[in-house]
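Chains as they are written, first to last, in this note's numbering: chain S, 16 to 355; chain G, 96 to 342.
In short, the hints are calculated from the structure, not lab data.
The C-beta atom is built at its ideal place from N, Cα and C for all residues, glycine as well.
Keep in mind that a hint or two might mislead.
To be verified - Far from chain S, some chain G residues (derived; all Cβ distances over 10 Å): (1) T116; (2) E124; (3) D127; (4) L158; (5) D194; (6) K264; (7) E267; (8) A312.
Stated by the list, open to error - Within a straight-line C-alpha distance of at most 25 Å, the following computed SDA-like cross-link-like pairs (lysine to any residue) qualify: (9) S:K344 x G:V269; (10) G:K266 x S:D65; (11) S:K265 x G:I129; (12) G:K165 x G:S200; (13) S:K132 x S:D94; (14) S:K265 x S:A351; (15) G:K266 x S:R48; (16) S:K265 x G:T236; (17) S:K73 x S:D22.
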Amino acid sequence: MFFRVVDKERLPDLIAGLSSDHEVIGPIEKDGRFVFAPISDPSQIRLDYDTTLLPPKKWLMPPEETMMHFNCADEEVTDDTVVASPRVLFGLHPCDINSLLLLDNVFLQGHVDPYYKARRDNTLIVGMSCTPSPTCFCNVWDTDEVHWGFDIFLTDLGDRYYASLRTVKGAEVLDRHVDSRAVTEKDTADFQQVVHEFKQGFSNNVDTAQLPVLLDAKFDSPVWDDFGSECLSCGACSMVCPTCYCFDVKDRLEVDQKSGARVRTWDSCQFKEFAAVAHGQNFREDRSSRLKYRYYHKYWGYLSKFERVLCVGCGRCTLACPSGISPVKVIEALQAGGSR
Amino acid sequence: MAPRVVVVGLASDFGCQVQITNIEDHLLEMLDVIDLGYWQLASSGHMPAEYDIAVVEGAVTTLEHVELLKRLRKTASVVMTIGTCAHTGGIPALANRCDLDAAYSAVYGEGSDVARGRCAPGPVHSVIDVDYQVPGCPIDTDEFLAVLSKALQGLADPLPGDPMCAVCKTKENVCLLDRGEICLGLVTRTGCGAKCPSLGRPCTGCRGLAPDANFDAARKVLASKGFDPNELDRRFDLYNAVREGVR
Chain S
16 MFFRVVDKER LPDLIAGLSS DHEVIGPIEK DGRFVFAPIS DPSQIRLDYD TTLLPPKKWL
76 MPPEETMMHF NCADEEVTDD TVVASPRVLF GLHPCDINSL LLLDNVFLQG HVDPYYKARR
136 DNTLIVGMSC TPSPTCFCNV WDTDEVHWGF DIFLTDLGDR YYASLRTVKG AEVLDRHVDS
196 RAVTEKDTAD FQQVVHEFKQ GFSNNVDTAQ LPVLLDAKFD SPVWDDFGSE CLSCGACSMV
256 CPTCYCFDVK DRLEVDQKSG ARVRTWDSCQ FKEFAAVAHG QNFREDRSSR LKYRYYHKYW
316 GYLSKFERVL CVGCGRCTLA CPSGISPVKV IEALQAGGSR
Chain G
96 MAPRVVVVGL ASDFGCQVQI TNIEDHLLEM LDVIDLGYWQ LASSGHMPAE YDIAVVEGAV
156 TTLEHVELLK RLRKTASVVM TIGTCAHTGG IPALANRCDL DAAYSAVYGE GSDVARGRCA
216 PGPVHSVIDV DYQVPGCPID TDEFLAVLSK ALQGLADPLP GDPMCAVCKT KENVCLLDRG
276 EICLGLVTRT GCGAKCPSLG RPCTGCRGLA PDANFDAARK VLASKGFDPN ELDRRFDLYN
336 AVREGVR
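Full structure from sequences and hints, please.
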């Protein structure tokens, strides 16, 4: 990794330059919140955003996508290949960049998901430093820092950005589109100061020590029923989660009764149907067991396979849950022992 | 030979039958795969004696409706309901919340001779078994075609059991409950793509109660957002005065 410094007023040059040969996706305002959406004018972008309604995964794995078309009359199947045009995800916070690395583990290892891969390979990542908000808890998973998984990362030093260049492509686009200069000792000192202040800004310092042990030891804790009784089983948490990757596959028949399409849509383990199998059996019939399963998968199941928890502490689920259930509350309740 | 389909209406505003006319893009295609034997809204003839699929709109409000439904069930191999009135009893079923005769008098005048053989308004499934349902007020044309396809193919088409919030999140709507509106999506069956919330209007529950919804928790959510928790039940009654047995 090496570094350059970009004056803040030059940033629109970078966005405009990237726009010449990429679709630039960045945070823009929507009804008082923010969404990752295509940017047509650099002034639309809101780099002061706290978080977005949906995470960046929607640009790699859309909520609904067609996988293949079929025709029963001709007995023909046509795979839908993703034609991914060059795209930039601009302004991603460290938690969201880390979330893509967790999705990569699932979609790019072993059985490679061609739809995800096509988009991932054509996506440039420009990260941006952030300010902790009251729902953030990335600090407890160390996902408040990111050291790979991006092309350029811009740390806001007030009047300028400390640009970390992680890839050759990142260095090339920066060099091509914007005036930058070499880093001085003062720049690095200021960077260290900004990072220091950032680390002090977190309000959630939930104790996650020995969490897998705690989960196994508290499998029958009343905590699960307490939260389960408040859970709406609505699946909002899964939809807004940057690391939830489950999907459902459905066939849709056209009116002609011959042709159709196979589509996949985001799914949630909080739906009752999720664990339903043949003969009407269901592994997780009641909502407490479904809620519990979500936590066991995120903080133990995925960890045991990929050595990371499947959570980046972005706080979106906390904001989206109508009942206000959050991982911080659940883990604190488990740490505390009995019921809340 | 294409399966013969009849479309009949009970107590409703016929809005769902009108929706079928709105399938302009696929109407002719649809007529290639079915033999449309009768369509109450658009036909001047009579219903044929034999048919394979009966599509029913509207709530049951008279004994005549009851007899008609029994005949449909006996004749057709498949019964499919369209719209909220047929699915949950809908708006007509609101009359269950008051004295039925008093309600008729209030609307049509004291002693008026309407709706002979009137009975407590209810959904179609309260009288006969139903194989396929297209919920909603009015129905979505694409969903109608999808369910019709399932019926033609003899494929099961269980309605989704979960509430509206998940799909609403995928539309990147800011939660209406956080914008000062009581949205019934918390407990309403998903499947419409959260159409109303996506247009900034709260869900009014026209697709019926999501079987997997947590009504108690939803009342608490309303209270936590500063609303009267009983408003959830009161507003949900609009399309869901009858809740028992609705699938």
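To see whether the hints hold, each was checked on the structure:
no.	hint	verdict
1	T116	holds (15 Å)
2	E124	violated (4 Å)
3	D127	violated (7 Å)
4	L158	holds (36 Å)
5	D194	holds (35 Å)
6	K264	violated (4 Å)
7	E267	violated (4 Å)
8	A312	violated (5 Å)
9	S:K344 x G:V269	holds (23 Å)
10	G:K266 x S:D65	holds (19 Å)
11	S:K265 x G:I129	holds (24 Å)
12	G:K165 x G:S200	violated (29 Å)
13	S:K132 x S:D94	holds (15 Å)
14	S:K265 x S:A351	violated (43 Å)
15	G:K266 x S:R48	holds (13 Å)
16	S:K265 x G:T236	holds (19 Å)
17	S:K73 x S:D22	violated (31 Å)
This entry does not satisfy hints 2, 3, 6, 7, 8, 12, 14 and 17, going by the numbered hints stated previously.
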